[in-house]
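> Chains as they are written, first to last, in the numbering used here: chain A, 19 to 301; chain B, 309 to 584; chain C, 68 to 339.
Don't take every hint at face value.
As the list claims (entries may be wrong) - Derived DSS-like pairs (lysine-lysine); straight-line CA-CA distance at most 27 Å:
1. B:K476 to B:K421
2. C:K336 to B:K329
3. C:K336 to B:K421
4. B:K476 to C:K336
5. B:K421 to B:K502
6. B:K502 to B:K476
Everything labelled a hint here was simulated from the structure, so no lab data went into it.
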Amino acid sequence: MELNIENLTKSYGRGQPVLNGLNLTVDGSGITAIIGSSGAGKSTLLRCINRLIEPDSGTVRLNDVELTALKGAALRKARRSIGMIFQSFNLLDRLTVMENVLAGRLGYVNFWQASSRRYPQADINRAYELLELVGMEEFVNQRASRLSGGQRQRVGVVRALMQQPSILLADEPTASLDPRTSLQIMELLQDIAGNLGLPVIINIHNVDQARTYTDRIVGLRYGHIMFDGTPADLDDAALDAIYDGKDWNEDPGEAESGGAGGSRGSGGAGGKDAKRELEGARA
Amino acid sequence: MQAQAPGSAGAAQGRPDYRWKRPQFFTNPYVRWGLPVAGLAYLLWAISTLSINWNRVSAGIPRAGRIFGNAWPPDFSRSNLIISGFTESIQIALLATALGLLISVPIALLAAKNIMPRGLHWFGRGIIIVARSFHPVIVAIIFVKAVGLGPFAGVLTLTVYSLGFVGKLLAEAIEEIDEGQVEAMRATGAGFIKVLLYAVFPQILPRQVGLSIYQLDSNLRASAVVGVVGAGGIGGTLMNSFRRFDYDFALAILLLIIAIILVSEAISGRLRSGLS
Amino acid sequence: MIRDPSLQELKRYNWRRFTPAQRMGRYVAYLLTVIALVWTIRGLDIYWPWVWDSPVQMADLFRRMYPPDFANMREILRVLMETINIATLATLLSLFFAIPTAYIAARNTSPHPLLVWVGRFILVSSRSVNTIIWALLFVAIFGPGAVAGVLAVAFRSVGFIGKLMAEAVEEIDPAQVEAMKATGAGPGKVLMYGIVPQVMPAFFAVTILRWDINIRESTVLGLVGAGGIGLILQGSIDMFAWRQVAAILIAIMVVVVLAEIVSAWLRSKVLD
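Chain A on its own, in the form it takes in the complex:
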């Protein structure tokens, strides 16, 4: 699997571009984390890959298919190979768990199969097996709206896996979950990347989780890549550069309020010098 992003640019309205000539290559397997404060362009980047958001310019290539050049049926066909899980889970609340995961096959079945729910037996078998994998086999006919957050995200993961994708995009999948469930999902993603050999690109705000569970960390700030390396390389100076001196240790609510933690106060001054050096080096 090779994902090639070249010169990706996107702006909303007349303000600063959210992504400005971004270049990124992801190949092989393993989990790549994208970190950065909100507004850094993480969500936009992910959605430009499967073109849920249209980039203004630039190219995205997945396994030698230029996604940005596709239209209509060809684009939909390509989307099948890109699985996605969402921060708000995006399940079909009024349908059952089984119907939700079978919806992952919508790119493969025809309209009548979809409307009558007569999916191929192989799909049904696969659905059950995957649900057993994530421990949701008892909820097969349960309405999605009755599930807890962690359960919903697991169903979301199964739905994405049903697509038999070559890559999995995860947009802040643990942001709406409590810490313990959060870790469960991160472990699940690790399992998927390791045992199924499925490469994962994950937007994540929790730096500790990124360090623990991922193989490569890419740090964004204002649509530029500030850092690209292993978790071991991610030191405080790099974090300052990515988060612009704001706190990265806390939950997103506090991080967005801009440096609420007192313990980081003294480190901040030193960090800013290092940040200026990094900026100078990049410019």
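Dock chains B and C against the given chain A, drawing on the hints supplied.
Positioned in the frame of chain A, the structure of chains B and C alone reads:
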């Protein structure tokens, strides 16, 4: 968690296939199949009883073309007729709304389970049900026979119409109030009227204002129609124009009705959202 | 220590229920209302002697209606059934036009912003023309009979159902649509899985409600010749057969009340 490459048809792996059926709204298969069959049978029977004269219907399309041809362009020349007709309709709507609101309050109180003793609220409910069951046109015909042609019958008709609508919603609003406030007022020794004024009315007032505006809008539309049976307003003018085949005049009236309804709806929507 | 306030202290706390601005607003509102009502009563062409006479007239009318004459009940019920059929067929017919129009009138699903205005225009026109007026038009085109009635009720219903459905479509959660697009589903399947399940409860509730209203609307179609009980009612009134009129009115009321009970029950089942 060990993952095999998932899912081929289980038989190949020596495992039985999983069974899954889509969830059904009607669990009983007789109901599930019986209902659509019964429904279809009903539809076919209903259509058959309509006694459609197909010659008439097929002759209708060219006739429609002729009518629309005569109707366009709309004829606005008889403006004094139009103006007097619309003025009368607006006046009927205004008066009927005022009267209807006035009467709705005591009747809604009568109909509220939580205010009235047991038997009495059925009486109030009964009045509201009777007021609502009949289309305003039917009520208009009765009133025309009772009090003569003209706008008085129209006012009475729309008052009953308002009573039916506002009365029902107001009664429901009264039944949904916070009982605690009533209880507190009673505890201070306040009499029935004072309890009403302080505990009940303030809770239903916002609802009532919204309903009033909505009903004024409704009455405006309905007033255009009750004239068709002689209860005053632009409806009568419209009916006459149809009778005399003055389709261009009829179109002019219709366009104005649509315009007025649009304006009134916009104003009423703006007012109601501004108040909430 | 709590002590009773002196008179001067009492005067300091000047509590009024409304601020001066609010009081002004209320006076203006009252004034406008009074002016409107006076203009209305003055302007209306009311023959006041008839007004004072009306209670006597109405009492006389009710006396003539008592006791109701159920002699022709079989015929009345047959025609009432036709009225119900007209309402039901018309509601179903209107769905064929209301659903696509709602789809293009909803800003989030419409293929083109211009189509949104087209859809809205269709819905507004349908709603603004009263059922009776539609009936007049269709009787002029297709002649008297139930066909004109069904078309009239259907045309009026398109606006009601379409408007509420368009609002329901605009209120859906876009996240579910996004997730369906991400799987590579085409627009039809996105609609079926992402949008339809979300608007189903509203769809059933609105349709059942409109059916209930249409039963009432259909009772008067006959007055302009478009079928249903209205014709018999008008006939009885014209012949001054007041006791039969009473019987018909009672029958109508029973049907309307039953329809309302059924409709309320069905809607409670649907809005889970």
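> With reference to the structure, classify each hint as holding or not holding.
Comparing the hints with the structure gives:
Using a Cα cut-off of 27 Å, the hinted pair K476 (chain B) and K421 (chain B) holds, with the two alpha carbons roughly 12 Å apart. A C-alpha spacing of about 23 Å is found between K336 (chain C) and K329 (chain B), which places the hinted pair at or below 27 Å, so the restraint holds. For the hint pairing K336 (chain C) with K421 (chain B), the CA-to-CA distance comes to about 24 Å; that is within 27 Å, so the pair holds. Between K476 (chain B) and K336 (chain C), the direct Cα distance comes to roughly 22 Å. Compliance with the 27 Å bound is thereby established for this hinted pair.
A C-alpha spacing of about 19 Å is found between K421 (chain B) and K502 (chain B), which places the hinted pair at or below 27 Å, so the restraint holds. For the proposed pair K502 (chain B) and K476 (chain B), the alpha carbon gap of about 23 Å is at most 27 Å, so the pair holds.
Violated hints for the displayed structure: none, as all numbered hints are satisfied.
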